[in-house]
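Novice: Sequence:
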Amino acid sequence: MTESELISRCRKKDRVAQEQLFRLHSGSMMGICVRYSRDRDEARDLLNDGFIKVFTSIESFRGDSAVKTWMSRIFVNTCLTHLKDKYKKYRLIDEDEDFAAEEEEVDDSILNEISSEEALEMVQQLPDKYRLIINMYSIDGYTHKMIAGHLGISEGTSKSQLSRARQLLLKTIELKRKKNEKARK
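Residues in the sequence shown are numbered consecutively from 0, following numbering that gives the first Met the number 0.
Keep in mind that the hints were calculated from the coordinates and are not lab data. Wrong hints could be hidden among the right ones.
[Unchecked claim] Within a straight-line C-alpha distance of at most 25 angstroms, the following computed DSS-like cross-link-like pairs (lysine-lysine) qualify: (1) 11 <-> 67; (2) 52 <-> 83; (3) 11 <-> 83; (4) 52 <-> 11; (5) 170 <-> 181; (6) 170 <-> 184; (7) 144 <-> 178; (8) 83 <-> 12; (9) 52 <-> 67.
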């Protein structure tokens, strides 16, 4: 079955087609959910919510892009909405931290020493405000202006939070490297 046939059948609420679309894309969509969540249980909830949105809004898919691209946007927005709702009681990102990010030379060659699984694990351990911005900027390709608009913060805050997230990741990697060196001795 072609992708357009699959979408056409999903629009008709065909359960077999919906299951097939789920099977085709659940792995990559779960990857998005894992990046934005603290743990696998939360990621599974986001995956379910995202697919509900996909199936209820499939009529709006115009075919201007690949289905996976369209679905990815839905899943990122589902995750962002979840985080906004989760932190409504207090600000996720403190606007007092708004300052121009210092552009400092960082030796990121140590990034080559870790696997993508280790990198994901380290990103998941970041405080929520850093994890959110590093995902939006570095992985999903949002600009600081777009991040500011989505989160209701300034571009300077977005830049400073990204800088701090990167610094924390590099420190974590450096600590892990030193720990591994000690273990080898």
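Novice: It remains to establish, for every hint, whether it holds in the given structure.
Specialist: The hints, checked one at a time:
1. With a C-alpha separation of about 19 angstroms, the suggested pairing of residue 11 with residue 67 holds against the 25 angstroms cut-off.
2. Taking the CA atoms of residue 52 and residue 83, the gap is about 17 angstroms. The hint holds against a cut of 25 angstroms.
3. For the given pair, residue 11 sits about 32 angstroms from residue 83 by alpha-carbon distance, which is inconsistent with the 25 angstroms threshold.
4. Of the pairs offered as hints, the one joining residue 52 and residue 11 holds, with about 15 angstroms between alpha carbons and a cut-off of 25 angstroms not exceeded.
5. Proximity of residue 170 to residue 181 is assessed by CA-CA distance (about 17 angstroms); at most 25 angstroms being required, the pair is judged to hold.
6. Annotation: proposed proximity of residue 170 to residue 184 holds, straight-line Cα distance about 21 angstroms (limit 25 angstroms).
7. Between residue 144 and residue 178 the alpha-carbon distance is near 38 angstroms, which puts this suggested pair outside the 25 angstroms criterion.
8. For the suggested pair residue 83 and residue 12, the alpha carbons sit about 30 angstroms apart, so the restraint of at most 25 angstroms is broken.
9. At most 25 angstroms may separate the alpha-carbon atoms for a hinted pair to count; residue 52 and residue 67 meet this at roughly 14 angstroms.
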